[in-house]
Amino acid sequence: MSPILLAEQVLNGLQSGVMLFLMAAGLTLIFGVMGLINLAHGSLYMVGAFAAATVAGLTGSFVLALVTALAGAALAGALMEVVVIRRLYARDHLDQVLATFALILIFSEGTRWAFGSFPLYLDTPDWLSGTVQLPGGITYPAYRLALIGVGLVVGVGLWWLNARTRLGIRIRAGENDREMIAALGVDIGRLYTLVFALGAGLAGLAGALVGAIQSVQVGMGEPVLILAFVVIVIGGIGSIRGALIGALLVGLTGTLGSVLLPELFKLFTDASSAATLGSAFSSMAIYVLMAGVLIWRPTGLFGARS
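Quick note: the working numbering has the sequence shown finishing at residue 1688, numbered continuously throughout.
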């Protein structure tokens, strides 16, 4: 494999990782602050993608589509929290799983009823449709490079929010002792709604951004949700830094594994078998990574030690 091809695959892994981070950051905030297992988080990713595709088709504005996806998913998340989720905080995790799984079905059938079963397509904006010449002779799509930049900017913004703002102080306090901050006069219900809306908005933004490089269709959020759970297990529940590092590790492992493992198997078998084995083992590599991290550190890379 040429160094240029390897560098391009590394960039692809980074792009995949930062998009996973947008999903996992909201999920780890929700679980860390509320202790809630939200299987419907992937549905909010889908909501953002469909909102962006619809608005872009009507207005032709990609920026307006992103804003609508962020706002629409945040609003959907806030309504979900007020109507359904807040009734689950005192329930055990099995009830939370069952209720949020029901929400997946409601969102999926509602989206199919509103938009039909055929996929929608979100075009890459003209100002990001070309390629960028990087050092070393690497030619890389401008849009994918922009996705990496957006993900890193969001990561810095979340760090600032969590570490430098009053809301961040309340979020961190809510993770440690929600009864105490409620006793100190913080409206815990409003805090939960804000955190849930923030996580939902990030998921919707991720769906809109990815919608320009793949089709927008019903059920597109569930495979990403599984990977997001892997990310927060690797990074540590409740840690934004852990979500970012875990997402980058998962993105790079999945992308590089799909390229390097077939080349490795070519040393032992024919090209056709090597491609089949490489594809199978690259899918397993992410979960092997997760198992290795949990053996070494059961709370995740940046999770609090019990």
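In short, the hints are calculated from the structure, not lab data. As the structure is a prediction and not an experimental result, all values here were calculated from the model. Careful, some of the hints might be misleading.
[Stated by the list, open to error] Here are the in silico distance ranges between beta carbons for each label pair: (1) Ile1608 with Arg1679: 16 to 24 Å; (2) Val1535 with Ile1677: 28 to 36 Å; (3) Ala1545 with Gly1439: 21 to 29 Å; (4) Thr1441 with Asp1652: 23 to 31 Å; (5) Ala1453 with Ala1524: 20 to 28 Å; (6) Gly1439 with Lys1648: 28 to 36 Å; (7) Val1392 with Ala1545: 24 to 32 Å; (8) Arg1494 with Arg1679: 39 to 47 Å.
Glycine included, every Cβ here is placed at the ideal spot set by N, Cα and C.
*For the pair Val1392 and Ala1545, does the Cβ-Cβ distance stay inside 24 to 32 Å?*
With Cβ atoms ~29 Å apart, the hint holds.
*So the hint says 23 to 31 Å: do the beta-carbon atoms of Thr1441 and Asp1652 match that?*
violated, 52 Å
*State, for the Cβ atoms of Gly1439 and Lys1648, whether the hinted interval 28 to 36 Å holds or is violated.*
violated, 44 Å
*asked:* I want to verify a distance hint. Is the separation of the beta carbons of Ala1453 and Ala1524 within 20 to 28 Å?
replied: Because 26 Å falls inside the window, the suggested range holds.
_Just to be sure I understand the hint, the distance between the Cβ atoms of Arg1494 and Arg1679 should be within 39 to 47 Å; is that true here?_
Holds: the Cβ-Cβ distance is about 41 Å, inside 39 to 47 Å.
*Return holds or violated for the Cβ distance of Ile1608 and Arg1679 against the range 16 to 24 Å.*
holds, 21 Å
_Distance restraint hint 21 to 29 Å, applied to the beta-carbon atoms of Ala1545 and Gly1439_ = violated, 39 Å
*Evaluate the given range 28 to 36 Å for the C-beta pair formed by Val1535 and Ile1677.*
holds, 34 Å
Of the numbered hints given earlier, the model fails hints 3, 4, 6; all others are met.
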